[in-house]
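Visitor: All chains, please: the whole structure from these sequences, using the hints.
Residue numbers (this note's numbering), protein chains in the order written: chain A, 1 to 461; chain B, 1 to 461; chain C, 1 to 461; chain D, 1 to 461.
All the given hints hold, so there is nothing to weed out.
Note: identical chains are not told apart, hence a pair may lie in one copy or across any two.
In the BS3-like style, the derived pairs of lysine-lysine whose C-alpha atoms are separated by at most 25 Å in a straight line are: (1) K358 <-> K368; (2) K125 <-> K141; (3) K394 <-> K80.
For the record, the hints were derived by calculation from the structure and aren't laboratory data.
Protein chains: 4
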Amino acid sequence: MCGMNQYQNISPLDFRYRVPELEPYFTEEAGMKYQIMVEVAIAKVFAKHGICSEDLYEEIKREAPKVTVEEIYEEDKKTKHTPRAMVNCIQKRVSKEARRFVHLTATSSDVYDTANAMRLRDATKNVVLPNLLKLEKQLIKLALQEKDTLQIGRTHGQHAIPITFGFAVSEYVSRLGHALLELSRANDNLKGQLSGATGSYNASSLLFDDPEQFEKEVLAELGLSPASHSTQIVEPEFLVNHTHALTLAFGVIANFVRDMRQLQRTEIGEIGEGFGKKQVGSSTMPHKRNPVTFEHIEGLWKELMPRMMTLYLDQTSEHQRDLSNYSSGRFVFEVAHGLDSAVRRLQSVMANFLVDRKRMKQNFEGSKSTIIAEPLYILLAMAGHPDAHEAVRKLTLKAEKSTHEVLILLAKDRALKTYYEKIPKKKLAILARPEKYIGIASKKTEKVCRFWRKQLKPLET
Amino acid sequence: MCGMNQYQNISPLDFRYRVPELEPYFTEEAGMKYQIMVEVAIAKVFAKHGICSEDLYEEIKREAPKVTVEEIYEEDKKTKHTPRAMVNCIQKRVSKEARRFVHLTATSSDVYDTANAMRLRDATKNVVLPNLLKLEKQLIKLALQEKDTLQIGRTHGQHAIPITFGFAVSEYVSRLGHALLELSRANDNLKGQLSGATGSYNASSLLFDDPEQFEKEVLAELGLSPASHSTQIVEPEFLVNHTHALTLAFGVIANFVRDMRQLQRTEIGEIGEGFGKKQVGSSTMPHKRNPVTFEHIEGLWKELMPRMMTLYLDQTSEHQRDLSNYSSGRFVFEVAHGLDSAVRRLQSVMANFLVDRKRMKQNFEGSKSTIIAEPLYILLAMAGHPDAHEAVRKLTLKAEKSTHEVLILLAKDRALKTYYEKIPKKKLAILARPEKYIGIASKKTEKVCRFWRKQLKPLET
Amino acid sequence: MCGMNQYQNISPLDFRYRVPELEPYFTEEAGMKYQIMVEVAIAKVFAKHGICSEDLYEEIKREAPKVTVEEIYEEDKKTKHTPRAMVNCIQKRVSKEARRFVHLTATSSDVYDTANAMRLRDATKNVVLPNLLKLEKQLIKLALQEKDTLQIGRTHGQHAIPITFGFAVSEYVSRLGHALLELSRANDNLKGQLSGATGSYNASSLLFDDPEQFEKEVLAELGLSPASHSTQIVEPEFLVNHTHALTLAFGVIANFVRDMRQLQRTEIGEIGEGFGKKQVGSSTMPHKRNPVTFEHIEGLWKELMPRMMTLYLDQTSEHQRDLSNYSSGRFVFEVAHGLDSAVRRLQSVMANFLVDRKRMKQNFEGSKSTIIAEPLYILLAMAGHPDAHEAVRKLTLKAEKSTHEVLILLAKDRALKTYYEKIPKKKLAILARPEKYIGIASKKTEKVCRFWRKQLKPLET
Amino acid sequence: MCGMNQYQNISPLDFRYRVPELEPYFTEEAGMKYQIMVEVAIAKVFAKHGICSEDLYEEIKREAPKVTVEEIYEEDKKTKHTPRAMVNCIQKRVSKEARRFVHLTATSSDVYDTANAMRLRDATKNVVLPNLLKLEKQLIKLALQEKDTLQIGRTHGQHAIPITFGFAVSEYVSRLGHALLELSRANDNLKGQLSGATGSYNASSLLFDDPEQFEKEVLAELGLSPASHSTQIVEPEFLVNHTHALTLAFGVIANFVRDMRQLQRTEIGEIGEGFGKKQVGSSTMPHKRNPVTFEHIEGLWKELMPRMMTLYLDQTSEHQRDLSNYSSGRFVFEVAHGLDSAVRRLQSVMANFLVDRKRMKQNFEGSKSTIIAEPLYILLAMAGHPDAHEAVRKLTLKAEKSTHEVLILLAKDRALKTYYEKIPKKKLAILARPEKYIGIASKKTEKVCRFWRKQLKPLET
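Guide: See below:
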């Protein structure tokens, strides 16, 4: 299969969206390396307890990592049982004396599930989470930078009342921050096992009085701990939670990029992806500047989010396990991989993110006159008007049909006059300068950024 | 619409799977009651800060709960905006003076999202979680009762090595316990808000210097707190996490019932649903005893589990909110409702759960002779055999083709003799009595039950 | 349970989104009526073949429909088997002689699955499909009406090249038309059965030499036919296809409403939902006009689309059936119900659909000057320029940085001059009047509308 | 990236489940080849209409296929627009004169979507469908071979009434047959396009009076036709239908393998996967024979079935297209790939499928005595008993508690005697030999197999 290149692959994750930094964790080859680590850890604890000699352990530790994935798959042609093939390959490389201690008392799943938990944990800790944290920092930076940039708030795609662009970005600081805490927690909760064929430690009980202690020590070597119970497989919920946390974070990012590509619409034009000099927007319309990265990320989310269904389906495994999660379980790394690929692309856009403050101002100006409806109704109510909302609603409808603005109609309205006059001058100012009607947008932006910076500090290594 | 009965409904959750205990939380009528509670709490904090008088608050508190859902929907014909209709109805019931303080500074979503968080929280705390805890206790009871009941462990639907039935049940004690902790945590994390039309406190800033403090106090009245940020809507992730936790628990239960209905198969017959005296198994086969409850529950899981997709989709809402989560969000209680309905049915089966220990023994006996393959290979390895697994594999194949059992063939095998003789007598006993080869199944069952009893203690009120 | 009203329901489909026209098909009560029809049809064919007398059939035909759903559920308390309860209730109402012919040879699923196929078929044929066809006609009307209305085409949310608004609408004419053909086909393919407890006609073989003929005749009475095989249940794929077709149509509609609510954005403003006089846009911002119906429909789609997962999961039923599709199967009508509810709302918006042609023109004008990039590159290429795309791309970038428009820069460009001069005058006109660069948008709109009107003709009854 | 091997991939579809026969369709390299075919076809029709000379077409036809995927991705580093990069690479290889005709009037999506439809169509037609048909034949063969093999029918996992194993298999013949017709139909319906940047033929209108004719001719060269409308992209529903048909077929197969692995349970043992001589069942339990292929296939189904969600999500694309389906759309081939991989594995099991007729007989014998409940109730009813079902239900309960069989209790029952004596002798025989109570199982099996052989004939090439 050599001479093979990435374009001879089918999965976009193996060419277009490939993340080289994740190869040490997620390739099939990496999987084997991790399984071998588990086998070595078992031998180590055997030696510690005098089951085998230190020398034999040292031999296993030295020889096992030499086993190649090619060797294993060659052996697999015979065994049709890859984990056994791996054991056979290690055994072939060590002395007759050491051979029998390889994999002793373990069942394949002990090694396989434990290795997979390690792979996912290490990839998350070393690559995925740091990248997400880097993105979070870019969001914080952008939020703070634009904390005072006036933007019209939008609900239902309609102009509502003003905010600042930084405040809008701080939404994502907060939501992504929350999702990252969840992810970190789920990552710390991934579990391993060494409980034998049915989870009841039958085999290891032949060697140890306290086989749970044996399990604990092996897992500790690998930085893991056991769940409160296992069958032949680790309880699936820890992995389900982990993928859920990844999906949760992806959902936040999907919302962010959808927002951004909407703000990049020609008619809105408030933000933009930076664009390479020779980059082509369209193969036939040379003038186009498209939010391709934002769109690309939303597409990856649509592809990977539904995979949670597979995780939920894999919660059911008959009795002490059926194997129907074995093939589906092999795809589980793709969610983390795809998310990381998306995050990397987004980072590069964030590093070159265009904000058009002038355009934001212009867009706001267009709705300036109607924006005051809300503060007006509240100020009238505070001034004693019993049905201020309804009164302002009618005034607005009237303004729509006339050439006059709300404020002018207001001034002319006798019924409202008494209340209008009671509004404190200072408050009235906001009706004249609706760009001041932004609540605590700026202060809140700062607060959110400060809060999440602090909350996420412990996640950085 | 009166004279209506439950059979004139379309959703099975409104007739067949209806849970009357959940009506105070999940009906449309209940929704309105909760929204009114939020409006009252707002008035209360107004009074506290002197925005309105205590008397006006008392009036609102007294009159608002009198508003009926019928009134609201009558008003809604005009407004086509149910939350506004609700506000109008309250306003109609109070004095001119009080009227203007109703809903003042709040946007519909403030009230709606906060009320929904309360509904879900209360239903979970008062009904769903207690029911799940009751089920957990039934599982613990069953596990402890059967902790020494010999059962053949099964992987791939094939006899593997022995466990005890209590140990098998303790798998579900552990997994459900874990899911309940998640659910409890997610329930405590549901959030409310009172941050105005775009989340930036524009309106409440007109009344309060510290509008976040105002929000906090109102939410505190309702037993909630705000998230670190909100737009027009509460950050969706808290609800997504809550539904995920429900789905996680449902997945564990789905696995349990699938296991049980498999064990109830005619050929296995190890357990059974109790059966009413006049209950009919089949409309045409009068002799049938079917695991209908187990099947029923698996069906509800298949219906409700995919709804997580809707939750994930509702993570994306454009800018300060689009309303596309409004109709989908109305279905969100169904997951909790359906789970609770399933749990109730399962409880009644658990209360009348049949265990056929004799049949378990018989099933074990059928595989007795091959079970020893595993301990044999380990004991031979411990005795120095370098390729014990392979040697035993061949021995097993040989036994399959001969009329002799593995132990007899073993005794005759010269190559194995040397190793065989080295096995300590005490260990050899297990080969003769494979029913003793159950590892720490019994002890582990106790430990798991003890652990989860303690862990879940704080969840009981 | 009387005194109950719709607000005491939990499912939004039983109150807010309830469609009274669907009650004769989708309520639990309706389900019982349909099952009774199946029982009557069985008796009819018995009489036809002389198994029972015509008189007994007439008695069953007369008495069976008198059975009420309340009676059945009363009986169900004993049997805990609703279909049997229904049979018992019929039997109680008829003479001793007739009693034994009720349900004879049938298994519950024969009656249940057949009745459900009828319910779905009738609801689709009488309500859902006609409503969708009505919507299709509204789309056709709108498309034809706006076939010449200039609109800027948008890809990636960016202005691309011009089309007409009618052409944009004709996209949905075409896609919805296609989906409706699929739905009609799936509806005609729903199947019934009368093949007994395991699908092998064991029971009916005791009465008939050709039990398949018996099945065919009963189903023919009900307007159905059998599949090529059945177990205890009808092959699930016919229902899966039906729900898929509903989901497919819903997806088209979801795309339409998302497009429309984007076009209703404040900054775009090309179309709008009509708005009631007293309708409230926001409880706090009296000036808002929100695309609430479009949003509402997208939400229903997000809720119902993932339910296809349940249908796919229900494809697997162990051996001659497990019952795990029984509870999930009860929810299956909700997809049709929710779609119909959405379509009704959309119809009312379509009846009052606002098109702002002036705004469309304005939006086009904004991009007028860059639009010519595409025709320019093609005309230059036709005139012999070997790298026209690249040349125009550079020209566009230049224009962006200068105050001059592309056409002016073009006139000044020496390298392009030779090619430019070769472009036929008639073609050059398009560069000066880019609003003419709409291809065959108008003609195509007509063609699409004509085509689908004709294609869908046979679906109207 | 050379020296790379399949184990350095992440997607299991690129190593473990890789199908070399699908490489000509589904790799990235294959994608480029197909896109080049589209570009060549465009040039061909240009020549046909005298837009370019025959010589220039011949040049493009000769040179374009020489472009390598490596070249394209090298160019892509500049353009960041792969389809444009591909066009550039072709242009570099041809004369200045030919260059301008490459891709002229086409937009990237025209080429991309058309090429993808071709890839999926060819892979389905040449590989996936033929493999499924081969599987269907294996099922037919097995069904016919076992058409008279007595097996106990099972509903709810409980013994019901007897069928034959061939009849059970014929269920899958029928369901898979149906799904294959759907797949073939969906495959024939895949569409291409050449309608320009917004689907309104703006660019091609500059060259052709009837640009739809131009489109038709190009697509005809590639064996495709256009849909009734397109935007920048082909209407998504054709692809959704195609993936639905694949998923539908996969669901049938998933049900089959679940059934089979249940029948392979130790306690049932009616069928089995053949097993290689050196194959290892368990790394620690050398005696195990597991249904690993059946499990494996169910796992792949769990992984790929939820991907339909992505297809449904990709139905919505804003206006004349957003690009959010571009990344998700790249994964679409994986469903077909994974299904084909599963089918191949299943074929090899089917070729070596073990049926244990003796065991089937034994399992039947165990329930022999209760099976007669159904025919007994029908015969008593036919003999005039008005409440035969209830009478037999009681008799069965009695038999359960006594040591006597139903038939003996029946003989002793005075109330039933009168009816019992009226049953024709010939019919009574079935009560004594319940193995004859199999309805038309055998005949129906033949009929189903004959029917589907004929129906599927036209699908074979």
